[in-house]
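Q: Sequence:
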Amino acid sequence: MTTSSALPSDVQPAKELRFGRIPILNVSPVVGCGRFPAKAVPGEDLVIGATVFREGHDLVGATAVLYDAAGVEVQRHRMHPVGQGLDRWEGQLRPEAVGSFSFAVEGWADLYGTWHHNAEVKIDAGVDVELMLAEGAALFDAAADGRPEEDARILRETAGTMRDTAQNPGVRLEAAGRSELTQVLDREPIRDLVTSSDRFPINVERERAGRGAWYEFFPRSEGASFDPATQSWTSGTFRTAAHSLDRVAAMGFDVIYLPPIHPIGTTHRKGPNNTLVAGEHDPGSPWAIGAPEGGHDAIHPDLGTFEDFDYFVDAAGRRGLDVAIDLALQASPDHPWVKEHPEWFTTRIDGTIAYAENPPKKYQDIYPLNFDNDYEGLSREILRIVRMWISHGVKIFRVDNPHTKPLRFWEWLIATVNEEDPDVVFLAEAFTRPPMMHALGMAGFQQSYTYFTWRNTRAEIEEYFHEISRKTAAFFRPNFFVNTPDILTEFLQYGGPPAFKIRAVLASTASPLWGMYAGFELYEHVARPGAEEYLDNEKFEFKQRDFALAEAQDRSLAPYITRLNQIRRAHPSLGDLQNLTVHSSTDEATVVYSKHKQERLSDPRSKDTLIIVVNTDPHSARECTVTLDLDALHLDPEDFNEDGTFWVDDLISGQSWRWGQYNYVRLDAHYEPAHILSVRRAK
Numbered sequence: 001m002t003t004s005s006a007l008p009s010d011v012q013p014a015k016e017l018r019f020g021r022i023p024i025l026n027v028s029p030v031v032g033c034g035r036f037p038a039k040a041v042p043g044e045d046l047v048i049g050a051t052v053f054r055e056g057h058d059l060v061g062a063t064a065v066l067y068d069a070a071g072v073e074v075q076r077h078r079m080h081p082v083g084q085g086l087d088r089w090e091g092q093l094r095p096e097a098v099g100s101f102s103f104a105v106e107g108w109a110d111l112y113g114t115w116h117h118n119a120e121v122k123i124d125a126g127v128d129v130e131l132m133l134a135e136g137a138a139l140f141d142a143a144a145d146g147r148p149e150e151d152a153r154i155l156r157e158t159a160g161t162m163r164d165t166a167q168n169p170g171v172r173l174e175a176a177g178r179s180e181l182t183q184v185l186d187r188e189p190i191r192d193l194v195t196s197s198d199r200f201p202i203n204v205e206r207e208r209a210g211r212g213a214w215y216e217f218f219p220r221s222e223g224a225s226f227d228p229a230t231q232s233w234t235s236g237t238f239r240t241a242a243h244s245l246d247r248v249a250a251m252g253f254d255v256i257y258l259p260p261i262h263p264i265g266t267t268h269r270k271g272p273n274n275t276l277v278a279g280e281h282d283p284g285s286p287w288a289i290g291a292p293e294g295g296h297d298a299i300h301p302d303l304g305t306f307e308d309f310d311y312f313v314d315a316a317g318r319r320g321l322d323v324a325i326d327l328a329l330q331a332s333p334d335h336p337w338v339k340e341h342p343e344w345f346t347t348r349i350d351g352t353i354a355y356a357e358n359p360p361k362k363y364q365d366i367y368p369l370n371f372d373n374d375y376e377g378l379s380r381e382i383l384r385i386v387r388m389w390i391s392h393g394v395k396i397f398r399v400d401n402p403h404t405k406p407l408r409f410w411e412w413l414i415a416t417v418n419e420e421d422p423d424v425v426f427l428a429e430a431f432t433r434p435p436m437m438h439a440l441g442m443a444g445f446q447q448s449y450t451y452f453t454w455r456n457t458r459a460e461i462e463e464y465f466h467e468i469s470r471k472t473a474a475f476f477r478p479n480f481f482v483n484t485p486d487i488l489t490e491f492l493q494y495g496g497p498p499a500f501k502i503r504a505v506l507a508s509t510a511s512p513l514w515g516m517y518a519g520f521e522l523y524e525h526v527a528r529p530g531a532e533e534y535l536d537n538e539k540f541e542f543k544q545r546d547f548a549l550a551e552a553q554d555r556s557l558a559p560y561i562t563r564l565n566q567i568r569r570a571h572p573s574l575g576d577l578q579n580l581t582v583h584s585s586t587d588e589a590t591v592v593y594s595k596h597k598q599e600r601l602s603d604p605r606s607k608d609t610l611i612i613v614v615n616t617d618p619h620s621a622r623e624c625t626v627t628l629d630l631d632a633l634h635l636d637p638e639d640f641n642e643d644g645t646f647w648v649d650d651l652i653s654g655q656s657w658r659w660g661q662y663n664y665v666r667l668d669a670h671y672e673p674a675h676i677l678s679v680r681r682a683k
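Everything in the sequence shown is counted per UniProt numbering, starting at 1 for the first residue and increasing by one.
Just so you know, these hints were derived from the structure itself, not from any lab.
One should not assume that every hint holds.
Below, in silico cross-link-like pairs of lysine-lysine (BS3-like), each with a Cα-Cα straight-line distance of 25 Å or less [stated by the list, open to error]:
(1) K543 x K362
(2) K683 x K607
(3) K405 x K339
(4) K405 x K362
(5) K543 x K361
Restraint ranges, calculated between C-beta atoms of paired labels, are given here [to be verified]:
(6) D372 x P301: 25 to 35 Å
(7) G83 x E376: 43 to 53 Å
(8) S100 x H80: 23 to 33 Å
We treat Cβ as the ideally placed atom computed from N, Cα and C, and that holds for glycine.
Modelling step: build the complete structure from the supplied sequences, incorporating the hints.
A: In structure tokens, the structure reads:
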């Protein structure tokens, strides 16, 4: 701790003091007691919190300060008290560039606030009136020194008014509370006994690490053709898949994610619908990686060559799409590693290599890796593979089942890769216990799959939104995928088209990161009996879809998805995670939340505020009264109409309404299950 109030030189404490002159406790966001950095992306507002107080009754203030990697101050913002009598303060910092930063909280004696409070009490009671005004005059005169000319003028004029005995004391005191003065003191408070907390790390990564819309397709299905005569398929290639990029980009996605693109083993290859026997022409699961043609550093011959892959990456880049590939650290029995490095696997007592199991599921076509037999050798090989794909333009890796590998390995790998190339992003596909999911974020994963897929009721959704935005945002970035090849929830199986709209609205507006797997826009919902997986799952076979025909026949959600992504790009409030506020409704199925952001720090009027109202019941219409926390909307007096209402514009329907604190809402799931309301600001 540092403080401007030092002990006398002849007083030696028995041990180092933990409290500064102004106590500062419970600073946030602090991850792992400061051992890990909090996460951010450029332009993101980080909520900084601390408990700041002092002895006695004098008032205190708090300031959040941002420092660059060299320790130079780059930003400071005044914090404000939250709650009643809790001494808790919150403020925001907005790092504007990629890099390593740190922050601290300064606590200080609020000389103006203390004087003004005491002056109001005493002058109202007729006690020490002239003395209080004289003390105020001295305070403002002293504060004027060293200030910008205009600010100094306002302070000195106020001091003169304090001394003007020709005026009523009440009038003189009012001058010390006028907005012109308080704005000066908000910019630069009158501080004493300034004390700083320790500094805590922040890692600011490129935008795609924390913002983006993902789309997943199997390149082998994009352009695949079926020959009825031979009952066989011809695989799509990277060249044919490149033709689908226009469709993906037109919907407004930022990332095209490809499941594993490597050679697929034939031993224990799975057939359609995960059957244990594959036919001659069944392509197998892409996650059963490795064949005589190669392993993780090779491309499936049916998809093309590295030249074809480079063409695909370039084509995606020209459409504004990042390419993400799967990093699935496992092997088929035919992977070259099995013969060359059997120590990288687990050998059972009967001499066989253990295949993957997640009872009752069995994956006989996949061998998991064992890091404990040759940790260094296996780590070096995986780093080599990642570097190779980076050399081919891959900047994003979706990592399959990272929770089955050591955390220390991920911490090392991600740190090593990001030191060489800070633009590389790792997404954790980890559906497991919260401590492991959170620890993966601390270890370096920039984002993660989540439990969102299974949060469907209002209570579940509200609780989860609060968790991901207020409790874990410093180290856990949630990517809200609405479906995956492995996950087709009952909500989508039985909810009809409204269920698809509901999930898309929630995912795309609640988190800066969201994603979907191809077929979602076609309302694909038929599951394999007894499973949360698609019938005729694309993991085990080719899939032909006619997206253009579905859209022409108005059987596609693509226009709706496109509109959601347009709204995301147009409204910066949707690009932050910590700015979500849950509001209340009288209906158990209607979720209400808002997002707010001041677009430009220099312009308090540049506010973007959205209110999202969603009927989570896909089978009916719901009516309710929505009650808004108006403070969370950051409305200015000029935003209100004469009757105390304000205008909201529905970004989906195009309609506009006057809203206030209490609002009647009716949402028919079969017509439109959601409002995305933009708060209209006065010009």
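Q: Each hint: holds or not?
A: Here's how the hints hold up against the structure:
Under the criterion of a C-alpha separation no larger than 25 Å, the hint pairing K543 with K362 is consistent with the structure, at around 24 Å. Restraint check for K683 and K607: satisfied, since their Cα atoms lie roughly 11 Å apart, inside the 25 Å limit. At most 25 Å may separate the alpha-carbon atoms for a hinted pair to count; K405 and K339 meet this at roughly 21 Å. Among the hinted pairs, K405 with K362 is consistent with the structure: their alpha-carbon atoms are about 19 Å apart, no more than 25 Å.
For the suggested pair K543 and K361, the alpha carbons sit about 24 Å apart, so the restraint of at most 25 Å is met. In this structure the supplied range 25 to 35 Å holds for D372 paired with P301, their Cβ-Cβ distance being about 34 Å. Between G83 and E376 the CB atoms are about 51 Å apart, so this pair conforms to the stated range of 43 to 53 Å. Between S100 and H80 the Cβ separation comes to about 28 Å, which falls inside the hinted range of 23 to 33 Å.
In summary, the structure agrees with every hint in the numbered list given earlier.
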